[in-house]
Amino acid sequence: MNLWFLLSVNSVTLGGLLFLLSAGFSLIFGLMRIPNLTHGSLFMLGAYFSVSLIAGGLHFWVAALLAGLGVAALGGIIERFVLRRLAGAELAQVLVTLGLSFMVADVCLMAWGGDPISIATPAALRGATRFFAGLAFPTYRLAIIVIAVAIAAALWALIDKTRLGAMIRAGVDDRAMAQVVGIRVSRLFTIVFCLGAGLAGFAGVIGGPILSVYPGLDQDMLPLALVVVILGGTGSLLGSLVGSFVVGFLYNFGQAMFPELAYVVLFLPMLIVLVVRPQGLFGRAAP
Amino acid sequence: MTRLALALVLLATLPFWVGNTYYVNIATQILIYAVFALGLNVLVGYAGLVTLGHAGLFGIAAYAGALIVNGGHGHVAAVTGALLATLATAAIFAALALRGTGLGFVMITVALGQITWGIAYRWISITNGDNGVSIRGRPVPFGLSLASATGLYWATLVVFLVALATIAIFAASPFGASVRGTRDQPQRMNALGYHVWMIRFLAFLFSGLWSGVAGMLFLYYNQFVSPQAVALGASAEALLMVIAGGTGTLLGPIAGAALVVIMKNVASAYIVRWNFVLGAIFVAIVVFMPEGLVPGTVRLWRWATATRRRRPAAPAPAPGAEGGR
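Protein chains in written order, with the working numbering: chain P, 1 to 287; chain E, 1001 to 1325.
Source of the hints: derived by calculation from the structure; they are not laboratory data.
Keep in mind the model is a prediction, meaning the values are calculated, not measured.
Do not take every clue at face value.
[Unchecked claim] Here chain E is said to cover these stretches of chain P; the calculated rule only asks that three of the stretch's residues, wherever they fall, bring their Cβ under 8 Å from a Cβ of chain E:
{"hint": "1", "stretch": "32–45"}
{"hint": "2", "stretch": "58–64"}
{"hint": "3", "stretch": "218–227"}
[As the list claims (entries may be wrong)] Rough simulated footprint, nothing fancy, chain E against chain P, three-plus residues with beta-carbon under 8 Å:
{"hint": "4", "stretch": "72–86"}
{"hint": "5", "stretch": "270–282"}
[What the hints assert, rightly or not] Chain P side only, calculated, beta carbon under 8 Å to chain E, not exhaustive:
{"hint": "6", "residue": "Trp112"}
{"hint": "7", "residue": "Asp174"}
{"hint": "8", "residue": "Met177"}
{"hint": "9", "residue": "Val265"}
In this text, a Cβ means the ideal position worked out from N, Cα and C, and glycines have one as well.
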């Protein structure tokens, strides 16, 4: 099989996973104005939850859904009981998310141990799907791409077509004005935080068969999400989508061509975007 | 003045009255991290720019120093090269991070710090990856051997005092005042004709330089550096020192450094989970005492003893809330 084809497939898959991770991050940043530094931890936590659920006999997809919901609930708790206490003090909120990320990492180490755990690919999706011209496509990776595209479409519909989405967009654009016209922005915070956390947790589960779960996964994923959001611009779904695939390609091709410098390759477009267009490709200039 | 002299005498004679080498080493660690925290406080406290990428600068200095020493060059070349590398990296970090506004600044510094960590961890042919780089032997400046714990303590003390004096002079200087001005009233400073961006950039360089100095001290103390020193946790620890001691105060970071180093050593004797404790303390301090441990304790005490007669002092605004506009 052609190496470049395989690399591209892997890049698109990673891009899909990164989109699930960074869409929530971007929405939270857009609405609440804070970079949620627990986002990598939520991704890892979702994966670990599913490890336990699958070990308990549940089917992969049921476990993925439950783990996503569990992480969403945890996100809701973090927002309601910790971040809400610090409303208005954004710096304090960021520092709290940082402190929480250390606590989550340590709890995971305690509960699931230090060895990498791989999540088995669901039986129905093992093997490869053949396409025209004899090109084979790993079925599970294809499934991830389909799921990511479906969730992207659903998110777009949610944000662009529903009343809730209109309220979120209003909150992102001008929080004070949204409050004045009677939108309960604080409830939006909880909803968006749950949504973002749930997506991150779900992404952790479906990424599990590819990435496996290990201590430090959170630290590996967080900078990728940050780079995606810096590239794409905060609060923009389209930005997250484009940024995710750019980062997915750069990371995989970088790792194949300059294995030791993959991180630097990743860093270059971020540098260019920051110099040329600091608000990100699809972000709006700060008011 | 007498108190200052007394403190100096106590610090200089510390190896004689604590006796045990273990405690002398802890004192050295405290001084190293105090230099780091003092430098970080220039940015976090005085300039109001919160960064989580300073461990990257700390690590760049340590790695550059280690690689130069292992390349067969002298310690003068190592220290010079390491500090130049730190300044160059700090300039890049500052130029990029200052493109972000508000908490975008924090986010970019996290990304930059993590990328530095990724390089230290992945660029195995240069950095030896997770195994780290070790050096053999400490320098012998002016005939004073640093091989013993006491010798290294004194050398660290001298560097620490230089750092403290420099930063005290900085804080009292017109430049220090303009840095505080850009923290409190960036727009007004701009209207008054100050170049806000340049002031912040220079504050970043000045702050980064001390991270580099601390990184070199750390290298000579451990004779070893690994990606652990560059990780986000290291940046968070340093930030915790500054915040715990009280941002924007001269002596706060020193108290914070002592607190964190002692707690880390004590905690690790009883529990394996230092990271959990670090996170929990972080959350507790930010939620309950955002202005720092010392002022925070005073406030809680006042609130507990005299709630009825007057309202407790309003909590100080969080550092950097206005930053980066």
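A quick look at each hint next to the structure:
1. 32–45: holds (count 4)
2. 58–64: violated (count 0)
3. 218–227: holds (count 5)
4. 72–86: holds (count 3)
5. 270–282: holds (count 5)
6. Trp112: At about 14 Å, which exceeds the 8 Å cut-off, the nearest Cβ of chain E leaves the hint on P:Trp112 violated.
7. Asp174: violated (16 Å)
8. Met177: violated (19 Å)
9. Val265: With a minimum Cβ separation of about 10 Å from chain E (threshold 8 Å), the hint on P:Val265 is violated.
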